[in-house]
Structure formats: structure tokens, C-alpha cells
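A.B. asks: Taking the working numbering, the leading residue of the sequence shown gets 107, the next gets one more, and so forth.
Keep in mind that a hint or two might mislead.
[To be verified] Here are the computed distance ranges between Cβ atoms for each label pair: (1) Val228 - Asp253: 11 to 21 Å; (2) Gly237 - Pro116: 32 to 42 Å; (3) Glu183 - Glu246: 32 to 42 Å; (4) Gly219 - Pro117: 25 to 35 Å; (5) Pro239 - Pro116: 29 to 39 Å; (6) Gln203 - Val244: 12 to 22 Å; (7) Pro138 - Lys247: 27 to 37 Å; (8) Pro116 - Arg185: 19 to 29 Å; (9) Lys140 - Lys247: 12 to 22 Å; (10) Ile216 - Asn249: 17 to 27 Å; (11) Asn157 - Leu124: 15 to 25 Å; (12) Gly237 - Asn205: 30 to 40 Å.
[To be verified] Here are the simulated lysine-lysine pairs, BS3-like style, with alpha carbons at most 30 Å apart: (13) Lys140 - Lys159; (14) Lys251 - Lys147; (15) Lys140 - Lys251; (16) Lys210 - Lys139; (17) Lys191 - Lys251; (18) Lys227 - Lys191; (19) Lys227 - Lys111; (20) Lys111 - Lys159; (21) Lys210 - Lys191.
Simulated from the structure, these hints should not be mistaken for laboratory data. Note that the Cβ used here is the ideal one computed from N, Cα and C, for glycine as well.
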Amino acid sequence: MSTYKIQYLPPDLSFNALQFLESIFYKEQNIPKKLIPLNGKEQLWWCIIDNNKVVGTVAAWKENEEWHWGRLALHPELRGLGVGKRLVNTSLTELFQMNINRIKVDARDITVGMILKMGGKVEGSKTRFFGYPITPMVIEKHNWKPDNEINED
107 MSTYKIQYLP PDLSFNALQF LESIFYKEQN IPKKLIPLNG KEQLWWCIID
157 NNKVVGTVAA WKENEEWHWG RLALHPELRG LGVGKRLVNT SLTELFQMNI
207 NRIKVDARDI TVGMILKMGG KVEGSKTRFF GYPITPMVIE KHNWKPDNEI
257 NED
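Make a model of the complete structure from these sequences and hints.
C.D. replies: Here you go:
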């Protein structure tokens with residue numbers, strides 16, 4: 107079990123989080139910087155902070171009366187340690203505790219399996235987004251299967 111703490115993104119680290127997202131989405135995946143920030147007022151961010159720096163993020167936002175989940179990013183040194191699974195599990199569990207019943211996800215291949223194991227389902231055909239496959243998925247509260255073994259107490 108890792109000691110990295112998952113928490114809501116503190117306002118004073120918002121700029122740091124954007125820089126972190128750019129380092130992952132723009133530098134690693136060639137996604138234009140203008141597509142990285144979320145627009146709109148209804149958004150929630152979770153993060154992992156190490157030495158006052160953001161090293162992991164995920165967000166949920168309301169768009170056209172539907173909740174979406176994404177912007178999942180993890181520092182390369184944390185990948186494969188189970189930290190990302192904890193971030194996914196924590197954020198989705200907390201969203202469902204807020205009485206959000208349905209969440210849309212455009213998942214990269216690495217995330218699809220995780221979402222399926224947690225009760226999500228594929229909702230359409232795979233497309234490509236800046237060279238990477240994206241699978242449209244949905245997770246509904248009544249199908250949600252949180253992985254209680256990966257969260258800290």
C-alpha cells in the first residue's frame with residue numbers, strides 16, 4: 107500500500123495541477139494545451155500531492171446536464187504501483203456518494219479494464235483522440251463496484 111494521500115485539489119495548487127496536466131497530456135500525448143483545462147463552473151478535482159507538488163489528478167465536471175469523469179493523470183514514477191487505481195476508486199466513490207447516478211467517461215485503453223471491473227460498461231465504438239484510442243463508457247451508481255481493498259482507511 108502506498109502512502110500517497112488522495113485529496114481534493116487545494117485552490118492554491120490549481121496552477122501547479124494545470125502545469126502537471128500539461129506535462130502529461132501535452133508533452134507525453136501531444137494533446138493541445140488549449141484542450142486541457144476544463145471550462146464551466148461545476149467541476150471537482152482530486153489530486154495526489156508529494157512535497158507540495160501535484161503528482162496525480164482526476165476530475166469530474168458537469169456538461170449539458172451530464173456528469174463526466176476524466177483528466178486522469180499520474181506521474182510516470184507512480185505508474186504501476188496501484189496509486190492510479192486508488193485515485194479512480196476514491197473519486198468515483200465520492201461522486202456516487204454525492205447522489206450523482208450516472209457518469210460518462212472517454213477512457214484510454216489502460217483505464218477501460220479498471221472501469222469495467224468497477225461496474226462500468228462500454229457505451230459506443232472506440233475512436234481516436236490525438237493518435238490514442240478512446241472508448242466511450244458509462245458508470246451508473248446501481249452498477250458501481252468499488253474496490254474496497256485498494257483505498258486507505
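A.B. asks: Lys140 and Lys251 were given as a pair; does the straight-line alpha-carbon distance stay at or below 30 Å?
C.D. replies: 34 Å, violated
A.B. asks: Assess, step by step, whether the Cα of Lys227 is no farther than 30 Å from the Cα of Lys111, and give holds or violated.
C.D. replies: The given pair, whose Cα atoms are some 28 Å apart, holds under the 30 Å limit.
A.B. asks: I want to verify a distance hint. Is the separation of the beta carbons of Gln203 and Val244 within 12 to 22 Å?
C.D. replies: Since the Cβ atoms of Gln203 and Val244 sit about 18 Å apart, the hinted range of 12 to 22 Å holds.
A.B. asks: Taking 32 to 42 Å as the hint, is the beta-carbon distance of Gly237 and Pro116 inside that range?
C.D. replies: 33 Å, holds
A.B. asks: Given the hint of 19 to 29 Å, is the C-beta distance from Pro116 to Arg185 inside that range or not?
C.D. replies: 24 Å, holds
A.B. asks: Straight-line Cα separation of Lys111 and Lys159 no greater than 30 Å?
C.D. replies: The hint holds at about 12 Å.
A.B. asks: Between the beta carbons of Ile216 and Asn249, is the distance compatible with 17 to 27 Å?
C.D. replies: 21 Å, holds
A.B. asks: If I claimed the Cβ atoms of Gly219 and Pro117 lie 25 to 35 Å apart, would that claim hold in this structure?
C.D. replies: With Cβ atoms ~33 Å apart, the hint holds.
A.B. asks: Does Lys139 lie within 30 Å of Lys210 when you go C-alpha to C-alpha?
C.D. replies: Holds, at about 22 Å.
A.B. asks: Between Glu183 and Glu246, does the beta-carbon spacing fit 32 to 42 Å?
C.D. replies: About 34 Å separates the Cβ atoms of Glu183 and Glu246, which means 32 to 42 Å holds.
A.B. asks: Quick check: does the Cβ-Cβ distance between Lys140 and Lys247 fall within 12 to 22 Å?
C.D. replies: 33 Å, violated
A.B. asks: Compare the distance between the alpha carbons of Lys210 and Lys191 with 30 Å, and conclude whether the hinted pair is satisfied.
C.D. replies: Cα-Cα ~18 Å, so holds.
Violated hints, in rising order: 9, 15; the structure is consistent with all others.
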